[in-house]
Amino acid sequence: MRWGRRPAALEEAPSVERTGIELRDVVHSYGDRTVLTGVSLTLTERRVGVIGANGSGKSTFARLLNGLVLPTEGTVLVDGLDTATRAREVRRRVGFVFQDPDAQIVHPTVAEDLAFGPTNQGVPADEIERRVADVLDRYGLAGHRDHPAHLLSGGQKQLLAIAGVLVMRPERIVFDEPTTLLDLANARRVARVIEELPQDVVVVSHHLELLDGFDRVLVFEDGRVAADGPPAETVPWYTARMG
Amino acid sequence: MQSLYRPGNSLVHRVPAGLKLALLAALGVGLFLTGSLPVVAGAVVLVVAVGLLAARLPWSALLVQVRPVLIWLAVLLAFHVLVTDPRTGAVAVLRLLALLVAAAVVTATTRVTALVAVVERLASPLRVVGVRPARIGLVIAMTLRFIPLVADRAARVREAQAARGASRVGLGIVVPLLVQVLRMAATVGEALDARGADDAPARRRLARAAS
Ligand SMILES: Nc1ncnc2c1ncn2[C@@H]1O[C@H](COP(=O)(O)OP(=O)(O)O)[C@@H](O)[C@H]1O
Ligand SMILES: [Mg+2]
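Chains as they are written, first to last, in my numbering: chain A, 20 to 262; chain B, 66 to 276.
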């Protein structure tokens with residue numbers, strides 16, 4: 020398996036106006052329970068990490084970034100597009116990788132699952148075929164093309180989930196705890212893969228070392244951003260605070 | 066659950082899925098219209114030959130769907146031997162055998178996606194009453210995907226209960242399993258959204274992931 024190769028084909032990202040993801044006074048409540056209170060920030064960095072205790076609002080924040088969750092108050096803009104009204108375009112721009120790959124893989128075999136997203140986007144069949152072959156090869160899944168997805172290892176499943184997003188050619192990818200369910204070796208592999216993506220990424224993680232080379236790390240606390248800065252400042256602040 | 070599909074590029078693999086299903090249906094009808102032992106026995110030989118020689122499948126691929134029902138074939142034969150006559154029994158058993166092997170050949174040489182696409186095409190007249198054929202296809206594919214997964218999770222819940230000393234494992238697994246499945250279903254829904262399931266143009270067909 021090869022993990023280290025830098026993806027070539029995916030670097031030809033479409034050139035559009037990229038102004039970043041902007042949150043303006045965002046509040047989010049589930050029913051009458053408010054879990055995010057007045058978050059305002061703009062993400063333009065290539066590598067953004069999100070850390071914080073369980074229940075602090077990280078997943079809700081992550082889901083706001085591609086419109087899976089809409090703000091109860093305030094606005095989320097992706098390259099100027101409002102997630103509340105331009106959901107389709109926003110989701111094309113921002114891919115999402117979930118913690119549990121089993122919930123994200125919806126077709127019985129590997130290649131079929133990879134084709135799902137681009138098929139939905141209306142990508143022509145021969146182009147889908149090309150993209151699928153490309154990611155299968157890149158993520159060491161070429162020999163598993165027609166295998167049932169459920170026979171893959173946990174690490175392979177997470178790579179399949181990531182590949183299933185990459186074939187949709189998003190400009191940014193949000194990861195919600197992508198390594199939490201993996202053993203150490205597989206967590207490292209997935210971390211390497213994320214590190215080498217040409218896309219901008221936002222990564223929610225409890226694996227703090229995954230955020231080492233990141234440009235910016237947000238620390239969530241009770242639905243607020245309690246700290247925001249380079250990992251060299253925010254990560255030690257967070258660990259000290261956790262005691 | 067193993068995938069029944071065996072990748073290959075034999076002639077049989079390359080026959081369109083719709084045609085294969087149509088031939089399978091025709092074979093089924095034909096077999097039940099005839100009561101001739103030589104014809105039915107010939108059909109068995111024919112489908113086995115198609116499977117082994119034309120599709121270049123191993124014996125195991127042909128037998129995979131026969132083995133679970135062998136006992137019933139034996140029961141059927143015994144029934145006929147006792148109630149009617151051995152010849153009728155042989156016809157009944159060989160008829161089913163031919164169909165089972167033919168079905169095995171079709172599933173071993175056809176991707177689920179391609180079969181699902183045929184179902185979508187057959188369902189497309191329902192579009193006038195508001196049914197989205199692509200949705201039917203997705204539901205079939207997701208059912209095939211999630212059955213083994215839920216079975217795995219059920220086994221894990223059972224193990225966890227056994228590890229904690231539950232002696233009789235019965236209905237006790239239902240609630241924890243249901244909680245897990247519902248929680249996952251919420252995420253699956255989000256994942257479908259994130260992967261553009263709703264963006265699909267109404268007339269889309271499942272792409273052939275086939276090479
Ligand atoms: N769909 C939901 N319905 C109701 N409450 C939820 C839902 N999702 C999350 N919550 C609650 O919102 C709070 C923040 O959750 P979440 O954003 O998942 O935080 P984190 O990812 O940091 O653990 C938690 O208290 C959680 O219980
Ligand atoms: Mg979370």
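No lab work stands behind these hints, which were simulated from the structure alone. Glycine included, each C-beta is placed from N, C-alpha and C at the ideal position. Mixed in with the good hints, there may be bad ones.
What the hints assert, rightly or not - With the Cβ distance kept under 8 Å, some of the chain A side facing chain B (calculated, not the full set):
| hint | residue |
| --- | --- |
| 1 | 85 |
| 2 | 87 |
| 3 | 115 |
| 4 | 119 |
| 5 | 121 |
| 6 | 128 |
| 7 | 131 |
| 8 | 136 |
| 9 | 140 |
| 10 | 163 |
| 11 | 167 |
| 12 | 168 |
| 13 | 172 |
| 14 | 252 |
| 15 | 256 |
| 16 | 258 |
List in ascending order the numbers of the hints, as given earlier, that are violated by the structure. 10, 13, 14, 15, 16
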